[in-house]
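Single-letter residue listing:
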Amino acid sequence: MKNEWIVFLFGRVTVKVTGKGLERLLNVLMRNEIQIWNVKRHGTDTITFKISLDDAMKLRHIVRKSGCRISFLRRSGAPFLMRRMLKNSGFLIGAVIFLSIVFLLSNVIWGIEIKGAKPATEYQIRQELDKMGVKIGKFQFFVDNAEGIQRKLTNNINELTWVGVELKGTTYHLQVVEKNEPKQPKKLGPRNLVAKKKAMIVRMDIDDGQKMVEVNDFVEPGQLLVSGEIGQEEKEPELVAAKGDVWGEIWYKAHVELPLKTTFNVYSGKEKRKYYLLAGGKEIPVWGFGGHEFKDYKAEKNIHKLHFLKWDLPVSYVDKTIREQEKAIRTYTNKEAEEKAIELARNDIKSKVDEDAMFKEEKILHKDIKNGKVILDIHFKIIENIAVGQPITKEIHE
Amino acid sequence: MAKSWVGRVRGWMAKNMDLPQDVMMDLPRITMIGQIHIYIENHRGLLAFSDKELRLLLKQGQLLIKGNYFVIKTILPEEILLEGKIDQVTYINENPGGTK
Numbered sequence: 001m002k003n004e005w006i007v008f009l010f011g012r013v014t015v016k017v018t019g020k021g022l023e024r025l026l027n028v029l030m031r032n033e034i035q036i037w038n039v040k041r042h043g044t045d046t047i048t049f050k051i052s053l054d055d056a057m058k059l060r061h062i063v064r065k066s067g068c069r070i071s072f073l074r075r076s077g078a079p080f081l082m083r084r085m086l087k088n089s090g091f092l093i094g095a096v097i098f099l100s101i102v103f104l105l106s107n108v109i110w111g112i113e114i115k116g117a118k119p120a121t122e123y124q125i126r127q128e129l130d131k132m133g134v135k136i137g138k139f140q141f142f143v144d145n146a147e148g149i150q151r152k153l154t155n156n157i158n159e160l161t162w163v164g165v166e167l168k169g170t171t172y173h174l175q176v177v178e179k180n181e182p183k184q185p186k187k188l189g190p191r192n193l194v195a196k197k198k199a200m201i202v203r204m205d206i207d208d209g210q211k212m213v214e215v216n217d218f219v220e221p222g223q224l225l226v227s228g229e230i231g232q233e234e235k236e237p238e239l240v241a242a243k244g245d246v247w248g249e250i251w252y253k254a255h256v257e258l259p260l261k262t263t264f265n266v267y268s269g270k271e272k273r274k275y276y277l278l279a280g281g282k283e284i285p286v287w288g289f290g291g292h293e294f295k296d297y298k299a300e301k302n303i304h305k306l307h308f309l310k311w312d313l314p315v316s317y318v319d320k321t322i323r324e325q326e327k328a329i330r331t332y333t334n335k336e337a338e339e340k341a342i343e344l345a346r347n348d349i350k351s352k353v354d355e356d357a358m359f360k361e362e363k364i365l366h367k368d369i370k371n372g373k374v375i376l377d378i379h380f381k382i383i384e385n386i387a388v389g390q391p392i393t394k395e396i397h398e
Numbered sequence: 001m002a003k004s005w006v007g008r009v010r011g012w013m014a015k016n017m018d019l020p021q022d023v024m025m026d027l028p029r030i031t032m033i034g035q036i037h038i039y040i041e042n043h044r045g046l047l048a049f050s051d052k053e054l055r056l057l058l059k060q061g062q063l064l065i066k067g068n069y070f071v072i073k074t075i076l077p078e079e080i081l082l083e084g085k086i087d088q089v090t091y092i093n094e095n096p097g098g099t100k
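So the protein sequences, as listed, match chains A and B. For the first sequence, my numbering gives the first residue as 1, with consecutive numbering after it. For the second sequence, my numbering gives the first residue as 1, with consecutive numbering after it.
Note that these hints are calculated values from the structure, not bench results. Check the hints yourself; a few may be wrong.
Pairwise CB distance ranges (calculated) [claimed, not checked]:
{"#": "1", "chain 1": "B", "residue 1": "D51", "chain 2": "A", "residue 2": "G280", "range": "50 to 60 angstroms"}
{"#": "2", "chain 1": "A", "residue 1": "K65", "chain 2": "B", "residue 2": "K52", "range": "26 to 36 angstroms"}
{"#": "3", "chain 1": "A", "residue 1": "N38", "chain 2": "B", "residue 2": "G34", "range": "18 to 28 angstroms"}
{"#": "4", "chain 1": "B", "residue 1": "R29", "chain 2": "A", "residue 2": "P314", "range": "43 to 53 angstroms"}
{"#": "5", "chain 1": "A", "residue 1": "A279", "chain 2": "B", "residue 2": "D51", "range": "50 to 60 angstroms"}
Here are the simulated lysine-lysine pairs, DSS-like style, with alpha carbons at most 27 angstroms apart [claimed, not checked]:
{"#": "6", "chain 1": "B", "residue 1": "K85", "chain 2": "A", "residue 2": "K16"}
{"#": "7", "chain 1": "A", "residue 1": "K16", "chain 2": "B", "residue 2": "K52"}
{"#": "8", "chain 1": "A", "residue 1": "K16", "chain 2": "B", "residue 2": "K73"}
{"#": "9", "chain 1": "B", "residue 1": "K66", "chain 2": "A", "residue 2": "K50"}
{"#": "10", "chain 1": "A", "residue 1": "K20", "chain 2": "B", "residue 2": "K52"}
{"#": "11", "chain 1": "B", "residue 1": "K15", "chain 2": "A", "residue 2": "K40"}
{"#": "12", "chain 1": "B", "residue 1": "K15", "chain 2": "A", "residue 2": "K20"}
{"#": "13", "chain 1": "B", "residue 1": "K59", "chain 2": "A", "residue 2": "K40"}
{"#": "14", "chain 1": "B", "residue 1": "K66", "chain 2": "A", "residue 2": "K20"}
{"#": "15", "chain 1": "A", "residue 1": "K20", "chain 2": "B", "residue 2": "K73"}
{"#": "16", "chain 1": "A", "residue 1": "K50", "chain 2": "B", "residue 2": "K15"}
{"#": "17", "chain 1": "B", "residue 1": "K85", "chain 2": "A", "residue 2": "K20"}
{"#": "18", "chain 1": "B", "residue 1": "K73", "chain 2": "A", "residue 2": "K65"}
{"#": "19", "chain 1": "A", "residue 1": "K40", "chain 2": "B", "residue 2": "K85"}
{"#": "20", "chain 1": "A", "residue 1": "K305", "chain 2": "A", "residue 2": "K340"}
{"#": "21", "chain 1": "B", "residue 1": "K73", "chain 2": "A", "residue 2": "K58"}
{"#": "22", "chain 1": "A", "residue 1": "K335", "chain 2": "A", "residue 2": "K363"}
{"#": "23", "chain 1": "B", "residue 1": "K66", "chain 2": "A", "residue 2": "K16"}
{"#": "24", "chain 1": "A", "residue 1": "K40", "chain 2": "B", "residue 2": "K52"}
{"#": "25", "chain 1": "B", "residue 1": "K73", "chain 2": "A", "residue 2": "K179"}
{"#": "26", "chain 1": "B", "residue 1": "K52", "chain 2": "A", "residue 2": "K50"}
Ideal Cβ placement from N, Cα and C applies to all residues, glycine included.
Just chain A, same shape as in the assembly:
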């Protein structure tokens, strides 16, 4: 049996034949292997049938011999459809342009909303976004994806602790958490100040409360420094919130090891960019063909989802950057290594103590160069505020 679709593809014609001896004609057609179907009789000397477009050419020839008259009634199928479509190509072009405009507009950034930021920070974020090319009216697939924006913003703006970037439709929503949120003045309850670390006291600046220790005293963690109970001895003591700074000298010991020789991977600056369309797990290259000749490289992939109106298309736009890497070797002399090690140790200590702590003295206790490594033990004297508040509860009072 014939396949409807193939027949449709090549086109078909409805033929009307008038004359005598129609059955004979049908038999001749049959013998010439001309496929006909839907044969119908209309009256005594007329039949209609359908025939494929290529056979229609041969038909004229055969029918002429038989002495019947033929006429073609209706043409259908792909070739005729194509011809009609070309005639009305304006509609087709219009439809394509319309769809592409809708598609392009669906992938444009139409809004950037920033929540949770102070006006100053918001301004800074907007400037940073501008620098990245994230602006209203830009195409989404030419800018970084949401994770990239998030990473860059967090790296480039110090005031931000965290920023969540989410792309909802055509709008970027940025949820911002700032580092120094405006502090609410806390209402302090009655409290004592106690030591948080083992230290020797060097200075005391008490605003409120009864001093319990003296300068040059050694204190243990948890020891009472400033009492919140004030007043004469006979009277009922008044409870206040002890306030003030107690500066103590604290000793820290740091152990650092630093190799003299370190290998790094650095980018050589050579890169190759490739663009793909990602559809169903398959990558179809769009631009940037051919391989790369980098021996050592790192590839960075940036996937942009494409949208049509509110839907995500199953096709994504991918830009891939392949950067060449080189091995770089950093070598320190012994002296440089020592300096670096001390700096490392200092940074390490800094991260452990409060921000307003001061370095008073540092002393190298032990130095060793072994197996290509500098090993240092350093002693630090640091002056730090050791007072922490401890609320006065009934139990302590009694």
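Using the hints, position chain B against chain A.
Below, chain B alone, put in the same frame as chain A:
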């Protein structure tokens, strides 16, 4: 004389060797689906066709199909598919009355 001998051998083979009769004996194979479709294989040509009647030439005799609203859906050198409302299927043996 020779022909009938060949025919007898064929008949015997079909009977005893379990071969399909239509292949061995050149007989038409007719398949009907209810009243609406009839499918005839192994015919020898179209003799008459109108919307009430279809007459086919067979190797021996003719086949006459009567009914209403006939449409030939497919026609190939040895096969024909007819659609419509079929009332009767008749074999016409070779007789002087045939339209031969």
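Here is what the structure says about each hint:
The supplied range of 50 to 60 angstroms is met by B/D51 and A/G280, whose beta-carbon atoms lie about 52 angstroms from each other. The beta-carbon spacing between A/K65 and B/K52, approximately 29 angstroms, falls within the hinted interval of 26 to 36 angstroms. Here the CB-CB span from A/N38 to B/G34 is close to 20 angstroms, well matched to the stated 18 to 28 angstroms. In this structure the supplied range 43 to 53 angstroms holds for B/R29 paired with A/P314, their Cβ-Cβ distance being about 50 angstroms.
Roughly 53 angstroms separates the CB atoms of A/A279 and B/D51, a value that falls within the hinted 50 to 60 angstroms. In summary, the hint linking B/K85 to A/K16 is supported, as the alpha carbons are separated by about 23 angstroms, within the 27 angstroms threshold. In summary, the hint linking A/K16 to B/K52 is supported, as the alpha carbons are separated by about 19 angstroms, within the 27 angstroms threshold. With a CA separation close to 16 angstroms, the supplied pair A/K16 and B/K73 stays within the 27 angstroms bound.
Straight-line distance between C-alpha atoms of B/K66 and A/K50 comes to about 23 angstroms, which keeps the hinted pair within the 27 angstroms bound. The straight-line distance between the Cα atoms of A/K20 and B/K52 is roughly 18 angstroms, inside the 27 angstroms bound, and the hint therefore holds. With a C-alpha separation of about 40 angstroms, the suggested pair B/K15 and A/K40 falls outside the 27 angstroms cut-off, and the hint is violated. With a C-alpha separation of about 45 angstroms, the suggested pairing of B/K15 with A/K20 is violated against the 27 angstroms cut-off.
Pair hint B/K59 plus A/K40 holds up; C-alpha atoms about 25 angstroms apart against a cutoff of 27 angstroms. Taken as a hint, the B/K66 and A/K20 pair is honoured in the structure, with Cα atoms around 22 angstroms apart against an allowance of 27 angstroms. About 22 angstroms separates the Cα atoms of A/K20 and B/K73, which keeps this hinted pair within 27 angstroms; it holds. Proximity of A/K50 to B/K15 is assessed by CA-CA distance (about 42 angstroms); at most 27 angstroms being required, the pair is judged violated.
At roughly 26 angstroms between alpha-carbon atoms, B/K85 and A/K20 fall within 27 angstroms of each other, so this suggested pair holds. For the hint linking B/K73 to A/K65, the alpha-carbon distance of about 25 angstroms falls within 27 angstroms, and the restraint holds. Of the supplied pair hints, the one linking A/K40 and B/K85 holds, its CA atoms being roughly 14 angstroms apart against a limit of 27 angstroms. Our distance criterion of 27 angstroms between C-alpha atoms is broken by A/K305 and A/K340, whose separation comes to about 46 angstroms.
Between B/K73 and A/K58 the CA atoms are separated by roughly 21 angstroms; this keeps the pair inside 27 angstroms, and the hint holds. Annotation: proposed proximity of A/K335 to A/K363 holds, straight-line Cα distance about 16 angstroms (limit 27 angstroms). Distance check on the hinted pair: B/K66 and A/K16 sit about 24 angstroms apart at the alpha-carbon level, within 27 angstroms; holds. For the hint linking A/K40 to B/K52, the alpha-carbon distance of about 11 angstroms falls within 27 angstroms, and the restraint holds.
In summary, the hint linking B/K73 to A/K179 is not supported, as the alpha carbons are separated by about 81 angstroms, beyond the 27 angstroms threshold. With a C-alpha separation of about 20 angstroms, the suggested pairing of B/K52 with A/K50 holds against the 27 angstroms cut-off.
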